[in-house]
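*Asks:* Make the full structure from the sequences, and use the hints.
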Amino acid sequence: MKRLSDEQTKIFFEKLTKYIGSNVKLLLDRPDGTYCFREMKNRVYYMSERILKLAENLSEDHLIAVGTCFGKFTKSNKFLLHITALNYLAPYAQYKVWIKESAEQQFLYGNHVNKAGLGRITENTPQHQGVIVLSMSDIPLGFGVTAKSTQDCKLADPLVTVCFHQADIGEYLRSEDTLV
Amino acid sequence: MGRKLNFAEKPKKGPGKKAKKQPAPKFSKKLLPSHETAEDKKLSHRQKQRAAKREQRKQKHLNAHAKQKLKQQLKRQKKYQSDESSQEEEDNSENEVESMQSDEEIQEKTLKKGFKAAAAAVTQKKKAPVEESDSEEQDAEESDDSEMMRDDFGESEEEEEKSSIKRKRDILADSDEESDDQEDANDEEESEQETSDEDSDAEMKMPIEKASKKLKKRKEEDDKLAEEELQLNIADRETTDHTEMFDVDKVLNLQEIQQRITDVAAVLNDFTFNRDPSRSRAEYLEVLKKDLCTYYSYNEFFMEKLMDIFAISDLLQFLEASEVQRPLTLRTNTLKTRRRDLAQALINRGVNLDPIGKWSKVGLVVYSSQVPLGATPEYLAGHYIIQGGSSMLPVMALAPQENERILDMCAAPGGKSTHIAAIMKNTGVLFSNDVNKDRIHAIVGNFHRLGIVNSVVTCVNGVDYKKFIGGFDRVLLDAPCTGSGVISKDESVKTSKTQVDIQRCYNLQRKLILSAIDCLSAKSKTGGYLVYSTCSILPEENEWVIDYALKKRNVRLVPTGLEFGEEGFTSYQDKRYHPSMKLTKRYYPHKHNLDGFFVAKLQKFSDEIPKNVDVEEEENEDETEEVDDGKKKKKIDKRDWFQKDLQELNEKKKPVDDKRKQNYVTNVFEKPVKKEKSQTNGKKVDSTSKPTPSKKQKKMTNEVQKQTTSNGLKDNNSVESTPSKKQMNGNQKTMTPPKSSGKKKKKFRNE
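Taken in order, these protein sequences are the chains called C and Y.
Mapping the first sequence onto this note's numbering, position 151 (from 1) lands on 151, and the numbers just tick up by one.
Positions in the second sequence are counted from 1; adding 1000 to them yields this note's numbering.
Simulated from the structure, these hints should not be mistaken for lab results.
A virtual CB, placed ideally from N, CA and C, is assigned to each residue, including glycine.
Errors might be hidden in some of the hints.
[Stated by the list, open to error] Here are a few chain Y residues that face chain C, going by a calculated C-beta distance under 10 Å:
{"id": "1", "residue": "H1383"}
{"id": "2", "residue": "I1386"}
{"id": "3", "residue": "K1437"}
{"id": "4", "residue": "V1457"}
[Said to hold, decoys possible] Which bits of chain Y does chain C cover? Going by a derived footprint, with three or more residues having C-beta under 8 Å, they are:
{"id": "5", "segment": "1371-1378"}
{"id": "6", "segment": "1441-1448"}
{"id": "7", "segment": "1459-1471"}
*Replies:* Dropping the structure here:
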């Protein structure tokens, strides 16, 4: 359990702000006690300080996971967000994409969202913006990056990809072993 | 735009397509066999020859048959010559086919009374002896006046009583034409008699009433007769069954075996009444066991265990219920949704479900589903988890509070852990531990899917957990077990389990429960509770483990807070457990439609470890070591120079300790327990040569080795050697005579 180095912190928060913008602050200043990010085996975990203290009794060999895993630093020192971070990303998200029920299953199998499957989209979403993907009944399904801005979406063909897939909750089944 | 479609369902007109009856098939004339032409066809030469041969053979066969019959008749004549009355019967039988004979005999038996009456009438002129008639009334009758019987039982008043008997006979002899007339006459007489008896009533009665009364009476008697006959039949069957029951070697099909199972079970249910006096209960049980083993494909050892636990009727129900899958159940994740919303969402997806019962507010039972429930968007979003109904019970018994520190010692795959976290509402800290690294991924996945953030997932051997962290408010120990309660999930339990497996399980469980208790903090304001649960129904893995913990640590049993379930055993076979054991709960598939389960809740009232525990624990370790094979020990001994050195050091220390230890007298309860263990161990060394590597083996010392070798001697009835062995080991335990005698007893039992 290590604190993030300065460089890591920078890379990590840059990534987070792509999805939740300035709401990152809310993750750190919480009314219910102090929370912090810790790195363990290249993965970043987010937990309450109380839990951290207790978890530090065990060595890294014995610890598997503490709190919530946000993602991992890749070998090229970039940060890769995991689907497990969705719990915190979804409520703070600035830009959202809703997809139709017919396209739900497709997205959950790891496909991109095309225009036909697009139900709603936040106004003024720019191109290449990190977005949270939700079902029409507001269940967060994953996250991705917009391929087209809201304006372009309106004119696009039905088969054109609107949002690139990055992570979806289907991964809990597909890649359970590699999640953490 | 356009007309509005009317989507309302149209009323059905006439029978549906499928209800239509298919007409009889029509065949073309060519296909139909033409009978006349076939007969008219001329036979070929060869065919004629063959036909002639066939005819000849038939004739031969008939002749042989006739000869045989003649012979038999002659024989029978000889046999019957002494018996005069049967002459007539013989005449009849001459004409009959042989195969009918047995039938006839049976008929004869059933019609005994009727037939005899007729026979008596026939032989009256001959003045035949009357001894053959078995019914006493008839004797009396005939001694009175033989003429009377022929005259339809004249008007004499004595006959009145006998009229009913007579009628019985008549009914039985259904071939009699006279019987009807006779009966009518009797009835008339009877009614007359009645009228004369009760004059006052008769005046009031209408003829219809009389008739109805007559009918009633007749019906009553019919019923009575029918019942008697039934009883007779039952008795017959029972007697025949007993003879067949016991040839176990006879190969039967499954249906016959099932029949025998039910028969034997019926006998055992009311043994004193139904038994065959020449057979003992043990014999019946042996037959039943073998049948159950073949019918349900269990191994005999495991079936024996089950028979020890259940009564026969319960056992059958249990076995039957274990064949059937329990219904699929879901648990709502209250962190993300409510049960009602979830149910609605799933119903929209075509899932047929219901709440699990009054005892749970989060459970749902699924009857049928059109979609895979492990892959719906709701599942992936963590709105529910698929979990057996019985798995919710231990968590409910644990009753976690918010802001507590809780440990789930054997957590994978995280069903119960997530339940705990949900009840805690993501506050406090939840430690989820499992030894198996591969299964831990499931815990992590489930936690993240269900949005649990207050957890620490660890991979530590539960036995050593107290080394890392302690002071928990509550601990849930869902111990690894043989799985004898979840046979419907994993059928391999039926055949794969042996005494060694069970022993291995409860040894581990004992270690785990002590470790779990050590992790608890008795000073906790809200808690200090341990919930122990297994998915096994064997008392060795449940009550016995709890009993062990009660002796070793300062804990007491408290009510689980679960409304239903059977009480735990306070005694099982020769073992007596703590009386508070009835506070524990047992669940059975056939009674509660849940998996077989055991839940016990313990409260720790002091952090101190009782002092005499140390001594006994050492001994216990020794005993568990005895499980292992001698060969393995030697190997380790050669290598482990470090352990040897440690041992030497200990030996130096021991003389000082001895005096101190002598002060403590061991528990009386403890002894049979240990004996049992060592005994079975000794057995195992003989039977199975598979060594079980354990950590304790590393602690093996020269001395222990000696002990085991002397243990081997001990099996050959040299009980005296034990005290010396004990002294060598440095454990100053007074060997008492009852102990050795107990050992002997055990030995006999094992043999």
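*Asks:* Now tell me, hint by hint, if it's right for this structure.
*Replies:* Going through the hints against the structure:
1. A distance limit of 10 Å between C-beta atoms decides the matter here; for Y/H1383 the minimum to chain C is near 8 Å, and the interface restraint holds.
2. Of the supplied interface hints, the one on Y/I1386 is violated, with its beta-carbon coming no nearer than about 12 Å to a beta-carbon of chain C, more than 10 Å.
3. A distance limit of 10 Å between C-beta atoms decides the matter here; for Y/K1437 the minimum to chain C is near 8 Å, and the interface restraint holds.
4. At its closest, the beta carbon of Y/V1457 sits 4 Å from a beta carbon of chain C; the interface hint therefore holds under the 10 Å criterion.
5. Check result for the segment 1371-1378 of chain Y against chain C: holds, 4 residues qualifying (beta carbon to beta carbon below 8 Å, three or more required).
6. Check on the segment 1441-1448 of chain Y: 7 of its residues sit with their Cβ under 8 Å from a Cβ of chain C, so the three-residue criterion for coverage holds.
7. Look at the segment 1459-1471 of chain Y against chain C: 4 of its residues bring a Cβ nearer than 8 Å to a Cβ of that chain, three or more, so the hint holds.
The structure is inconsistent with hint 2 alone, although it conforms to all the rest.
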